[in-house]
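Novice: Residues per chain, in single letters:
Protein chains: 4
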Amino acid sequence: MEFWFTEHHTSGVNFSIKVDRQLFSAQSEIQRIDIFESKDFGRFLAMDGNMMLTEKDEFIYHEMIVHVPMAVHPNVKRVLVIGAGDGGVIRELARYETIEHIDMVEQDELVVEVCKKYLPVTACCLDDSRVDIIYQDELKFVRNCHDEYDLIIVDSTDPFGPAEGLFTKEFYGSCSKALKDDGIMVNQHESAFYNDDAIMMQRIHKRIVESFPISKVYQAHIPTYHSGYWLFGFASKKYHPIKDFGSTRWNARGLGTKYYNTQLHIGAFALPNYIEELLRDVE
Amino acid sequence: MEFWFTEHHTSGVNFSIKVDRQLFSAQSEIQRIDIFESKDFGRFLAMDGNMMLTEKDEFIYHEMIVHVPMAVHPNVKRVLVIGAGDGGVIRELARYETIEHIDMVEQDELVVEVCKKYLPVTACCLDDSRVDIIYQDELKFVRNCHDEYDLIIVDSTDPFGPAEGLFTKEFYGSCSKALKDDGIMVNQHESAFYNDDAIMMQRIHKRIVESFPISKVYQAHIPTYHSGYWLFGFASKKYHPIKDFGSTRWNARGLGTKYYNTQLHIGAFALPNYIEELLRDVE
Amino acid sequence: MEFWFTEHHTSGVNFSIKVDRQLFSAQSEIQRIDIFESKDFGRFLAMDGNMMLTEKDEFIYHEMIVHVPMAVHPNVKRVLVIGAGDGGVIRELARYETIEHIDMVEQDELVVEVCKKYLPVTACCLDDSRVDIIYQDELKFVRNCHDEYDLIIVDSTDPFGPAEGLFTKEFYGSCSKALKDDGIMVNQHESAFYNDDAIMMQRIHKRIVESFPISKVYQAHIPTYHSGYWLFGFASKKYHPIKDFGSTRWNARGLGTKYYNTQLHIGAFALPNYIEELLRDVE
Amino acid sequence: MEFWFTEHHTSGVNFSIKVDRQLFSAQSEIQRIDIFESKDFGRFLAMDGNMMLTEKDEFIYHEMIVHVPMAVHPNVKRVLVIGAGDGGVIRELARYETIEHIDMVEQDELVVEVCKKYLPVTACCLDDSRVDIIYQDELKFVRNCHDEYDLIIVDSTDPFGPAEGLFTKEFYGSCSKALKDDGIMVNQHESAFYNDDAIMMQRIHKRIVESFPISKVYQAHIPTYHSGYWLFGFASKKYHPIKDFGSTRWNARGLGTKYYNTQLHIGAFALPNYIEELLRDVE
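So the sequences go chain by chain: A, B, C and D. So the first sequence is residues 1 to 283, counted in our numbering. So the second sequence is residues 284 to 566, counted in our numbering. So the third sequence is residues 567 to 849, counted in our numbering. So the fourth sequence is residues 850 to 1132, counted in our numbering.
There may be inaccurate statements among the hints.
Claimed, not checked - When the alpha-carbon atoms are kept at most 30 Å apart in a straight line, the in silico DSS-like pairs for lysine-lysine are as follows:
hint, chain 1, residue 1, chain 2, residue 2
1, A, Lys18, B, Lys339
2, A, Lys117, D, Lys966
3, B, Lys526, A, Lys258
4, A, Lys117, A, Lys39
5, C, Lys809, C, Lys824
6, C, Lys584, C, Lys605
7, D, Lys867, A, Lys18
8, A, Lys206, B, Lys541
9, B, Lys322, B, Lys400
10, C, Lys605, B, Lys400
11, A, Lys117, D, Lys867
12, B, Lys400, B, Lys339
13, C, Lys683, B, Lys301
14, A, Lys18, A, Lys56
15, C, Lys772, D, Lys888
16, B, Lys400, C, Lys584
17, D, Lys888, A, Lys18
18, C, Lys683, C, Lys622
19, D, Lys965, A, Lys117
20, B, Lys322, C, Lys584
21, C, Lys824, C, Lys643
22, D, Lys989, D, Lys1086
Calculated from the structure, these hints are not laboratory results. Note that the structure is a prediction, hence the values are computed from the model and not measured.
Start from the sequences, fold in the hints, and give me the full structure.
Specialist: See below:
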């Protein structure tokens, strides 16, 4: 017997992980949630059949979506986290003692429950006393926020299905409004190697560019995502991710990381020409 | 019908490309050579069943193995290329008018013949008048070179089978001897995400460190290679890849590239912590 | 590297053969034709991506489609073969010295050419002096035949695409007309295990039942076809496949076979209840 | 996401079923037990990774292993069932009111428990009052039986791993001793299409031939087993499966079946020539 989880990166490109066994499968009101166990990637979470995270490489995604903005903004106190029910973003944020409050808005209570049970290393800090988990439609929640947050992290699933609304111009506008004047929004920005992915990435970028004066894209290598290459968006009203980068300040915090470091912070914004061209096309 | 080429990145991780048809298959004296055609990656070359290059992403590998050292060394005139029968390294080198002579040593004449026929975009410049192709065992050839080259590019297959000798301490020592006092050696340095790959990469790094006073590693994102993440070695007797980086000089050449640029040059040497640790372990 | 040919038996059932290399691929005016080489099934032919035959198990199909009617009809002199460009049906027919003439009508000349070159064991007898190959639309050809043949063998591809017309009521009516009063028509009757296949098989059966007074179905085990289980139709105006079975006469011919024998002839018409029910539903 | 269960029929032939979800997985003291759910085959059971049965086609196996001997022996009162923890053999036997007692010897209690829970259609009759389930090593149990049973059904897993002892000459000798003078032993006899399977099948047949005066082989079409074609052994001291076949008697029982019928009973013993040759080689 072999038992394989296969993700279609395109209709002609498959990425497959040999599964030892499935640990959980259920349909919530919002989506299907599956947990598998594998030798090479440890446990992994799929939502509506899309790879969300693996124990082996989730550190890359979560370090890059959290530490990049945290090393730029000098004084993050209130954070809004959109999605992120697996807890990985919260885990990285919780390491900053200077953060006072985190609102996490997640549509699907079952995701949180399942991740607490099956992915404890990722979900370890969801009970941190500074964290309020609000089970609500994220779009509706953000619409009602004004000038409240220093940092918004949009850790959504892909821009079709349940998370579709989190890629609209309206949503980015609401995020802008929900941020303080020096606030930063970071979002998962999809992949851009395969043609269909590139088009989707451009659409996202265009909408963010229209909503924020500063809008940059940075990269990381995440083996289990499309083409192993993932982008993040850095949008802000005031801070520039490189010019306002507080590398000394960040290093002084003494946070141990497995992927992120302050040299790589700068390198992450140095994109290949083919990506730069895709971005320029819609700027 | 579906017809798939599958590469095992580990025993439990498969990367599969849907093939439209196979264009060529033969066993040379040295290895099996296959050419396939696919929708997503165009044509691709496999040697002994290992993915060598695809039309879609070969530009990343070839730009990164050539332009990084060319942007550091101020005056490359004589180049030795090891392997590289597909012609991609030669194509990028041929763009530098200041290069006077290139020796390319390739074990397998059939590789060159097949790539000229089936991969003309990659193999386009193998007939450049500055290029001497020497069909010979690379190890033997390098043993007899002294103080001859400004740059050696080691574009080998993986460190088992025909290319095994190109990963030995003896070979790196010979390369050091074959270089002039300010020469640079760049080599494909394998991947380091999966455990078995990481061990192999460390072994390579250790041997190069022992042979060259300056030995750095840089990265690129290449979707069809293991985990989509590839490393290159930069070894030299004199030049440091960042301190001696001639970015203004390189930009003045006006070479259009699709991946490489001078910001990314610096970013490519900013490795994730987990890679830095693997390297430090053997330095 | 692994290189696999996969056939979808349903949207959720795959049958995959590891391929050593592809020997031929071309698009004729009518269909795509591919020849592959494998360790387990030898060479195999796919048409429009559907498995047609393999060197390893084609003997089952060809023996069963030819020897069953030949052991019933006492005096076959003129045979019409529809399709069958691979030559397997002709090879089995050619063993009967008493057959005087065979018309083979095949749409696609390239199939014959390719099979002669790549599948010589199957295509060995296409040059038999008794065989006329007519490259023409089969439906048109049969329309113009009257009272001419003792046996018609319909060795078509599947009932979609180029062979669609060979599964119509009109075609079966034309075959009936083209046969002499004691003529027999045998056709490949598709599979019936998976639901979609069963529906298609019933549709075929219904049309034949409406065109012939005697219409029976028989079975064989063919590993490379859907579910490993294949049906054949035996339709006739006079002869019953069991009551008129000339087993002594057939055994006296001394033809060596690898699958067919006269006990199995009877057994082949003893169908499982679930198949009998499917047939009764449309009789 | 796609999630596939793949069985290797040979090293170069895969049969794959798309899985909706895994329902159960555990390692008992004896073997690994998995239950999957699929659209095309319903639920299915794998033991040590080998496909054991699916809801969609188990009826074929269970009807053929039970009704064939039951239609030959005129008066079965005591039955010994070896293995068969899934309950399918018991379900078919339980339909015969004339059977007075069934001993079922199964090594692995967990199999029975799991099948009762997840495969209720198969395991429905394990609580029949005539059935004694004995959790014990089958080989040891049979060694101590003398002249006790009218019928022994050996429904074992494959002849490697836990069931290895059930394919030894000693085991068949013990079965012979455990049967009354007119007793019948029926066993699953593996497949014979692929070369490695054929060799194994011959080895089994040779040992049975040496232990019983009458030893015949019969066939069924089971899509989820190797090559879709499966053999059964019929061994006896007195009754011949065709000459002593009580078809009228069996039909009078009025048992509804989906695969087996009395014509097919005879047909099942009419084997292809290539199988007959394999058998003759070891007789």
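Novice: Confirm or reject each hint.
Specialist: Hints, verified against the model:
1. A:Lys18 / B:Lys339: With Cα atoms ~27 Å apart, Lys18 (chain A) and Lys339 (chain B) stay inside 30 Å; holds.
2. A:Lys117 / D:Lys966: holds (25 Å)
3. B:Lys526 / A:Lys258: Holds, because 26 Å separates the two Cα atoms, which is no more than 30 Å.
4. A:Lys117 / A:Lys39: Between Lys117 (chain A) and Lys39 (chain A) the Cα gap is close to 19 Å, so the pair holds against 30 Å.
5. C:Lys809 / C:Lys824: Between Lys809 (chain C) and Lys824 (chain C) the Cα gap is close to 24 Å, so the pair holds against 30 Å.
6. C:Lys584 / C:Lys605: holds (8 Å)
7. D:Lys867 / A:Lys18: Holds, at about 14 Å.
8. A:Lys206 / B:Lys541: Within the cut-off at roughly 22 Å; holds.
9. B:Lys322 / B:Lys400: Distance ~19 Å between Lys322 (chain B) and Lys400 (chain B) Cα, so the pair holds.
10. C:Lys605 / B:Lys400: holds (29 Å)
11. A:Lys117 / D:Lys867: The given pair, whose Cα atoms are some 27 Å apart, holds under the 30 Å limit.
12. B:Lys400 / B:Lys339: holds (17 Å)
13. C:Lys683 / B:Lys301: Distance ~27 Å between Lys683 (chain C) and Lys301 (chain B) Cα, so the pair holds.
14. A:Lys18 / A:Lys56: holds (14 Å)
15. C:Lys772 / D:Lys888: Holds, at about 28 Å.
16. B:Lys400 / C:Lys584: Judged against 30 Å, a Cα distance of about 27 Å means the pair holds.
17. D:Lys888 / A:Lys18: holds (21 Å)
18. C:Lys683 / C:Lys622: holds (17 Å)
19. D:Lys965 / A:Lys117: holds (28 Å)
20. B:Lys322 / C:Lys584: It holds: about 21 Å lies between the C-alpha atoms, which stays within 30 Å.
21. C:Lys824 / C:Lys643: holds (24 Å)
22. D:Lys989 / D:Lys1086: holds (22 Å)
The structure shown violates none of the earlier numbered hints.
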